[in-house]
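If you want the building blocks of each chain, they are given just below.
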Amino acid sequence: MGKGAAKFGYKSGTLPEVRQIFKNPIKPIVRPKNPNTGYADGIQHPKGTSREQPLPTVKTVEELISKTVQEPKQIPDLTKLNEIQKEKVTKSTLRREYYRTILKKEESKLNKKEESQQKKDLKSVNEKKSQNAESIELTLPTIESYLQGPIMRQRTPEETEILKAKREVNRLNTELIGKTNRATNLLELYYASEKFIINEKELEEAISVAFSSKHFNLPDPENRTVQHTSKFVDSLFNTIKGEPDLNQIHEKITGKADSFRQEVEKLAKEQHAKNIDQELRG
Amino acid sequence: MSLVKLANVAAHIQNVTRIYASTTSIPFTRLHLDVATHLHKQGFISSIQKGDLTGPHSSPVETTPDNIAQTKLWLGLKYRDNKPVLSKFQLISKPSNKIHLSSEQLKELASGKSVRLINPPQPNELILVKCHKTKEVLDLDDAAAKDKSGEVLCRIR
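Heads up: the sequence lines are chains A and B, in that order. Residues 89 to 370, numbered by the working numbering, are exactly what the first sequence covers, in order. Residues 66 to 222, numbered by the working numbering, are exactly what the second sequence covers, in order.
So here's chain B without its partners, still in its complex pose:
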């Protein structure tokens, strides 16, 4: 189910960047938070804020089972030269075709070789990997450097 939700988020972010929205909200889950953190680190988005359906919270609000469904992550989107910084957000592993790569395969992919029909990352591209066992989300280079194996989640450029 998480991959389906991630696919929805990916499509949503692509859509909102096409209409030049300044901010957008996505559901507040651990996977989305992980992905959003990587997007922020790599400079694809300008900010991450916790909020509700109406907008980011002005003062800190505790997340409880009563308000978790309404809690949202508000992302600040970036544009440069009248073009969105984040223009493409696609899943690699799909619910019907999950792609798990070993540490050697991840290293091959990171070094610029095509693995299992996955094209190697371009210079402006970010590929996210969900590690086995720890379930943490890392970018491809980090995962290869840490000798991890995992599921290749998505590519962003």
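Pulled out of the complex, with its shape left as it was, chain A reads as follows:
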């Protein structure tokens, strides 16, 4: 074992031990009587001791506050005090305030904890009751009942219908995805076909261009970045190599795009008019 930090697994320090804020209970404790402990009837207990185990003394939050952070009997007049005295008075007031808040906070925290525990207990008791209900225990299937009858309950007509509907939705969804992909591919092919050579003239032109260059075209590193940027732009604006994609075409055909543009223009005009009004008034 090393020295210093090595002793604590190379951590710079250790946290202080968690202490309870309230040393005494803040509420009266209810201790359920255990029949298996204590003195039996007719048996005397030692002198100077109590027959029942004494309960711890209760100190409520109000009591604690009134006893520990009492307000001073004479409230000093701050105007007559010098700087050091003023600081002392304000600091002690703050300290009292902080202590009061922390006690109240701790009280509410403990109350909440107790409430949640009570809820949990009640829930577990109810669950146990429902599990151990005689009606359930007596109607539980036995191995014999499984062997004599069916080992599985068949689907009810409603369940069958729900399952059918789910499968139909899944099928339609898959079909839609497939159709969209096919349409996008077709659109991409359509855009790419602009560069296709489709007649003799274009072929000759392409050949002459290819053989007229004196140098071989080496891959340009800048070109790559351009490709990446175009991909980025495509994904950002939903386009295919700068051309409109399937959704944009669909919006154009249905007229949604036009109506949207008109609305935007209208709003922009209204905003512009407002701005001018404000400038004139100002």
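Think of the hints as simulated: they come from the structure by calculation, not from any bench. Note that the coordinates shown come from a computational prediction; the quantities given were computed from them, not determined experimentally. It is possible that some hints are incorrect.
[Claimed, not checked] Some chain B residues near chain A, calculated using beta-carbon distances under 7 Å:
hint, residue
1, ARG95
2, LEU96
3, HIS97
4, SER124
5, PRO125
6, THR129
7, PRO130
8, ASN132
9, GLU216
[As the list claims (entries may be wrong)] Straight-line distance between alpha carbons at most 27 Å, and here's what the computed BS3-like set of lysine-lysine pairs gives:
hint, chain 1, residue 1, chain 2, residue 2
10, B, LYS106, B, LYS159
11, A, LYS121, A, LYS207
12, A, LYS267, A, LYS340
13, A, LYS115, A, LYS217
14, B, LYS198, A, LYS211
15, A, LYS216, B, LYS159
16, B, LYS163, B, LYS198
17, A, LYS99, A, LYS111
18, B, LYS115, A, LYS217
Think of the CB as a built atom: it goes at the ideal place given N, C-alpha and C, for glycine as much as any other residue.
We have chain A; now place chain B onto it with these hints.
Frame of chain A, contents of chain B only:
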């Protein structure tokens, strides 16, 4: 197919007893339930519970077509003197060689004679028979006593 599944279960149970597992799960089918019931009756296993892939159910759960594939039979395994109570679980009738015995042949086998190369059961051994027509699984003695004929499934010791 059922014999193949039974062979898988047989091999699985042999394997888990060799590593001294306390419980194991097998698929929930009628044949497996039948076999497990006989194992429990004869004292080879300590418990049978219905459950799922994670463990036995704590509260009753209905078996439906949606959860039948995940439903499992959880068997409690037994050990005595640091040795498994169930050490051998082998098929007699195999998918490639199914052995159907008549009621007379079953009686002969139960009385201690070797029939069609099947050795007679030892005192600590259990032989299970799947009856013709009713398809119920009985142990060899019961099948012989009830004058049944059927397929000899497996032997366990």
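| Violated hints, by number in ascending order, as checked against the structure | 2, 3, 8, 9, 13, 14, 15 and 17
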